[in-house]
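Quick note, the sequences are listed as chains A and B, same order. So for the first sequence, our numbering puts the first residue at 1; every next one is plus one. So for the second sequence, our numbering puts the first residue at 1; every next one is plus one.
Errors might be hidden in some of the hints.
[Unchecked claim] Under the rule of at most 25 Å between Cα atoms (straight-line distance), these lysine-lysine pairs were calculated in the DSS-like manner:
| no. | chain 1 | residue 1 | chain 2 | residue 2 |
| --- | --- | --- | --- | --- |
| 1 | B | 911 | A | 100 |
| 2 | B | 825 | B | 837 |
| 3 | B | 597 | B | 619 |
| 4 | B | 649 | B | 622 |
| 5 | A | 66 | B | 911 |
| 6 | B | 837 | B | 649 |
If you are wondering where the hints come from, they were derived from the structure by calculation, not from laboratory data.
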Amino acid sequence: MTPTKTKRAKKAKSTQWNPNIVVFACNWCSYAGADTAGVSRIQHEPHFRMIRVMCSGRIQPGFVLKSFEKGADGVLVSGCHIGDCHYIFGNERALEQFDKTKNMVRLLGLEEGRLRLEWISAAEGARFAEVINEFTAQVRKLGPSPLNSDNRKR
Amino acid sequence: MLDAGRHPLIDVISNAEVIGCEGKPGDFRVRVRKNKRYVREDLCVACGQCTDVCPVIAGNEFDVGLKARKAIYRPFPQSVPATYVIDPEFCLNLLGHLSEKQIRRLEKIQKVKQRKNLEYSSNILPCGHCTEACEVDAIDFDMQAEETELNVGAVLVAVGFQEFDARKLGNYGYGRFPNVVTSLEFERMLNASGVTQGHVVRPSDMKTPKRIVFIQCVGARGEGGRPYCSRFCCMNAVKDSMLVRQHDPEVEDVTILYTDLRAFGKGFDDFVQRSLDEKSATYIRGRPAKVDIVPEDDTLEVFVEDTLGHEQKRIPADLVVLSVAAAPNDGAAELSEILGIDTDAYGFVSRRDAAVSAVESTRDGVFVCGSAVGPQIIPDCVAQASAVAARAQLFLTGHRVEKHEEPVEPLDVSGKPRIGILVCRCGFNIAGVLDIDDLVQYATTIPDVVAAAGNTFACSTTGQDDLVELIREHNLNRLVIAACTPRTHEPIFRETCAHIGFNPYLFEMVNIRDQCSWVHAGQPLEAQEKARALIRMGVARARQLEPLHEGEVPMMHSALVIGGGIAGIQAATDLAVQGFPVTLVEKDKQLGGRLAKPHLKYLYPNMRPASEVLTAKLKRLKDSGARVLLNTDVESITGYVGNFEVNLKGETEELIQVGAIILAIGADLYDPKDEYGYSKLPNVITSQELETMLVEDDKNVEVAGTRPKSASFVLCVGSRDPEHFPGCSRYCCPTAIKQAILLRRMGMDITIFYRDIRTISTGAEEMYREARGLGVLFIRIPEGDKVQVNGTDHAESVRCFDDLLGRQLEVPTDLVVLSVGMQPKQPDTSKFHDILKLSVGLDGFFMELHPELGPVETTVEGVLLAGTVQGPKDIVDTVAQASAAAAKASVFLAHENVRLDPAVSVVNEEKCRGCGTCAEICEFHAPELVEIEPGTFVARINASLCKGCGTCTSWCPSGAIISRHFTDRQVHAMIDALFSAETPK
Ligand code: FES
Numbered sequence: 001m002t003p004t005k006t007k008r009a010k011k012a013k014s015t016q017w018n019p020n021i022v023v024f025a026c027n028w029c030s031y032a033g034a035d036t037a038g039v040s041r042i043q044h045e046p047h048f049r050m051i052r053v054m055c056s057g058r059i060q061p062g063f064v065l066k067s068f069e070k071g072a073d074g075v076l077v078s079g080c081h082i083g084d085c086h087y088i089f090g091n092e093r094a095l096e097q098f099d100k101t102k103n104m105v106r107l108l109g110l111e112e113g114r115l116r117l118e119w120i121s122a123a124e125g126a127r128f129a130e131v132i133n134e135f136t137a138q139v140r141k142l143g144p145s146p147l148n149s150d151n152r153k154r
Numbered sequence: 001m002l003d004a005g006r007h008p009l010i011d012v013i014s015n016a017e018v019i020g021c022e023g024k025p026g027d028f029r030v031r032v033r034k035n036k037r038y039v040r041e042d043l044c045v046a047c048g049q050c051t052d053v054c055p056v057i058a059g060n061e062f063d064v065g066l067k068a069r070k071a072i073y074r075p076f077p078q079s080v081p082a083t084y085v086i087d088p089e090f091c092l093n094l095l096g097h098l099s100e101k102q103i104r105r106l107e108k109i110q111k112v113k114q115r116k117n118l119e120y121s122s123n124i125l126p127c128g129h130c131t132e133a134c135e136v137d138a139i140d141f142d143m144q145a146e147e148t149e150l151n152v153g154a155v156l157v158a159v160g161f162q163e164f165d166a167r168k169l170g171n172y173g174y175g176r177f178p179n180v181v182t183s184l185e186f187e188r189m190l191n192a193s194g195v196t197q198g199h200v201v202r203p204s205d206m207k208t209p210k211r212i213v214f215i216q217c218v219g220a221r222g223e224g225g226r227p228y229c230s231r232f233c234c235m236n237a238v239k240d241s242m243l244v245r246q247h248d249p250e251v252e253d254v255t256i257l258y259t260d261l262r263a264f265g266k267g268f269d270d271f272v273q274r275s276l277d278e279k280s281a282t283y284i285r286g287r288p289a290k291v292d293i294v295p296e297d298d299t300l301e302v303f304v305e306d307t308l309g310h311e312q313k314r315i316p317a318d319l320v321v322l323s324v325a326a327a328p329n330d331g332a333a334e335l336s337e338i339l340g341i342d343t344d345a346y347g348f349v350s351r352r353d354a355a356v357s358a359v360e361s362t363r364d365g366v367f368v369c370g371s372a373v374g375p376q377i378i379p380d381c382v383a384q385a386s387a388v389a390a391r392a393q394l395f396l397t398g399h400r401v402e403k404h405e406e407p408v409e410p411l412d413v414s415g416k417p418r419i420g421i422l423v424c425r426c427g428f429n430i431a432g433v434l435d436i437d438d439l440v441q442y443a444t445t446i447p448d449v450v451a452a453a454g455n456t457f458a459c460s461t462t463g464q465d466d467l468v469e470l471i472r473e474h475n476l477n478r479l480v481i482a483a484c485t486p487r488t489h490e491p492i493f494r495e496t497c498a499h500i501g502f503n504p505y506l507f508e509m510v511n512i513r514d515q516c517s518w519v520h521a522g523q524p525l526e527a528q529e530k531a532r533a534l535i536r537m538g539v540a541r542a543r544q545l546e547p548l549h550e551g552e553v554p555m556m557h558s559a560l561v562i563g564g565g566i567a568g569i570q571a572a573t574d575l576a577v578q579g580f581p582v583t584l585v586e587k588d589k590q591l592g593g594r595l596a597k598p599h600l601k602y603l604y605p606n607m608r609p610a611s612e613v614l615t616a617k618l619k620r621l622k623d624s625g626a627r628v629l630l631n632t633d634v635e636s637i638t639g640y641v642g643n644f645e646v647n648l649k650g651e652t653e654e655l656i657q658v659g660a661i662i663l664a665i666g667a668d669l670y671d672p673k674d675e676y677g678y679s680k681l682p683n684v685i686t687s688q689e690l691e692t693m694l695v696e697d698d699k700n701v702e703v704a705g706t707r708p709k710s711a712s713f714v715l716c717v718g719s720r721d722p723e724h725f726p727g728c729s730r731y732c733c734p735t736a737i738k739q740a741i742l743l744r745r746m747g748m749d750i751t752i753f754y755r756d757i758r759t760i761s762t763g764a765e766e767m768y769r770e771a772r773g774l775g776v777l778f779i780r781i782p783e784g785d786k787v788q789v790n791g792t793d794h795a796e797s798v799r800c801f802d803d804l805l806g807r808q809l810e811v812p813t814d815l816v817v818l819s820v821g822m823q824p825k826q827p828d829t830s831k832f833h834d835i836l837k838l839s840v841g842l843d844g845f846f847m848e849l850h851p852e853l854g855p856v857e858t859t860v861e862g863v864l865l866a867g868t869v870q871g872p873k874d875i876v877d878t879v880a881q882a883s884a885a886a887a888k889a890s891v892f893l894a895h896e897n898v899r900l901d902p903a904v905s906v907v908n909e910e911k912c913r914g915c916g917t918c919a920e921i922c923e924f925h926a927p928e929l930v931e932i933e934p935g936t937f938v939a940r941i942n943a944s945l946c947k948g949c950g951t952c953t954s955w956c957p958s959g960a961i962i963s964r965h966f967t968d969r970q971v972h973a974m975i976d977a978l979f980s981a982e983t984p985k
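Using the sequences plus the hints, can you model the full thing?
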């Protein structure tokens, strides 16, 4: 692939807006689920970046808020199914945290659809891909985040 | 599997068979033939390029032929070793599939070629696509089978089972009708990573079936020559029916045709209840006569007699799933002969005496576990596997190996970050989609990056050498590798780092294969952009990484076993014979628990006197050298794995220090109080009371001064009862049948009132048949109903609605025996719950860490469960579990020190306000509030208890907790980097 080709292709594509999505995943289930999608070569939308932590319980409101502040158009928090957490109840704590985060995100004036919580197991590669596709479509429909600085400039 | 493959003390020899075994326990010489796989294990990096180019397509065994694979393939995605293998049956380069005539012709051609020297190739039928594609030259068509001799102390047989071949039962139409599938085939369809990505389809037209019928006990419990029960199929069908409902709303009806619903395991009955509540399936009791096809619309019809509703039914179905029985493996008989061990009547490996040791075969030093001895559910398999490990140790003592690592001089990693990046091509796996040169070039533009390079296979031996070279040459103090997933490869790279003294926690992995090139192959531009971003984020995180050092605390090499019942005796013996000092404390004045006089006369199914078994066990215990303290109780326990302090009180009062604790306090039996007239009517007794009578005299039974002529047993008293214990007590069905047979032999008329007969253990199903043969009457209690015991000053009859006859039945009786279930032992359970902080399940029994992965472990490291403290089980399962607990304890005790993971949470005491939130939410009780000055509290996290999940960090209101290796700073740096856009120029 040559750089010129790259540029041309980029221009051609620019008709469709692509969101910036941050995905937080726990090491044992949802991150592994994303790997499983890979092993099974299940293709999905590429407009997300994954940040791995050991357990969804580690995902504090600050991480999510910071992502939005920096211009994320959507944030997905994910972990093991309830009852499957590697650390027993980490994901239930994550759920409680998530409710708080949701309120704060609302205060920021962001649409609820930009933040989502999903439980995905290590075996559910297909589901991981599905969730990513769905969420990407949903965020795409919402359009660029009002907090996105690029956006404000434009 | 990955753990086993990676363990430094485990050699995996795959694709091999045992061809001889000589010698004696402690010194076996086992001959092994390693079959040709045509791919060199030492070279293959499992990149899969060979598979991509291979032109031959064959059926995939792992997906039971529902999916295709190539002639060179990896058996399944997680296989260990990851090495590929060539199937000689299909490979064009190998001649397995050719007739003799064809081979002769080919040889002729080859000779001609050789003579004329027309670019002579060693292959007769040169396909060679894989050889060309393989960049590490791992493919070797000249590979020969190898024979090796291993010198070992003990042999474990864990060959598992195979599916019963449903073709043998022609009336179900398996093999004739495409839409009749086995449970295993169905399972592969349901699996998200399986053939149909979790969609259930009819094999004939790939449409979603609207009506699914499960047929249970196919080839089991009397069918196809197999009297035994396969244990796992009932729950499997229930689970599958729920899964399919959740997944495919198009499925309208699921019907399960069962004989007895054997939900005997922990939590299983709850699960069935949930399925009933959710109406995920219709349950019909009955065995179908046949499955037929309706030619008009290509659907199926199942003919069954509903034994509860008394009607002949024809159930229409789009898909029929046969829950097939477990049969012994084809090779098991041959292997048993080679190893010199016995098999039972059905071909499973027999055990010498399952009640004494659940895992010993008939030859000393040869052990067996899992489904090789007969069908098992996973938790029991895992417990037995650990039990084997404990028993096998006996022949390995003195061989215990402790890891000795020579300390390496740590490299100097101080100063400003000097980051090096290695971008892996992974053959074509990454390079086929991403532009590696561009990524390398891009990496060099990121601040602090001093070196960047590409590599074909970073994980191969040469790749690792390149890595070391890179670190040394550029004097790196941070390392980023962009390659596959950290979940499999981080340990490998970390080891390489540690090897040369480069702190492994200064290394960061970026996943550009599994989560990038593999899943965005169709959008290379976006994939490239994503890979750049991921690398940028990885570098940002690497910049913030800190060197961490593993801590160590000394390990006390002794253990405490609490409870002197059968489980405690077994666990203490197994540990003590390995040379660990063991203390066994028993509250009572004698050992033996429920096995001791006057509690138990005979063990089922082989009617061995309990006293004999107990004597054998006590002798083993005595010989083992364990210290036994009777009339002694535990007052308090403090500390953590490796260093527990235990206060004993009673006959012996002392303070002991141990490294591990095994809890084996047993269970209570349910007290029926005034249920079924128990407290009022003298001839209503519990099964335990009957057993005590049998201990005194097993030829005569006298109740309230008379000898009864008839007896009725009522099962599930206090079990499967949401008010008392919702689960199944497992031991009562076979025990009642055992007692019924004894009473029947005394000439009594026997009736057994049951809900489901759950004779799941080895030999129990046969006993059930024997009882029926002797004329014992079995009457099923309808769902949700209870029997009624009639009589004013003594019980005269038992009343129950009989589904078969469709009316009330009154059975006159002289004796009523209530088969009482198990209950958590109280107040002991509450007491140990408090002092050890172990979790208790909803059923009141102690909770294991994980039913499959950690059946004897608890949330408290170093504390293990043995026997009925974890839930009801019979003697064989108790013994197996106790040995498993001993094995797990010895894993801790065998270590010189307790290794402390450095990637855990720590408190910044200056910031801590002592609010105690962390102590409240931690499941592992790692944080603790300490008073540093009068009135001032701070939290401190015990590194030996912390698992490093980081939940407390995110909950701390004052931000005082740091999750090492996943610090706020590291995560924030990644977020920053993500958006510090490489804005399109
Ligand atoms: S480990 Fe996955 S949510 Fe806790």
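Comparing the hints with the structure gives:
1. B:911 with A:100: Status holds; Cα separation ~23 Å.
2. B:825 with B:837: With a Cα-Cα distance of about 16 Å, the restraint between residue 825 of chain B and residue 837 of chain B holds, given a limit of 25 Å.
3. B:597 with B:619: holds (16 Å)
4. B:649 with B:622: Status holds; Cα separation ~23 Å.
5. A:66 with B:911: holds (22 Å)
6. B:837 with B:649: holds (20 Å)
Consistency note: the structure conflicts with none of the earlier hints.
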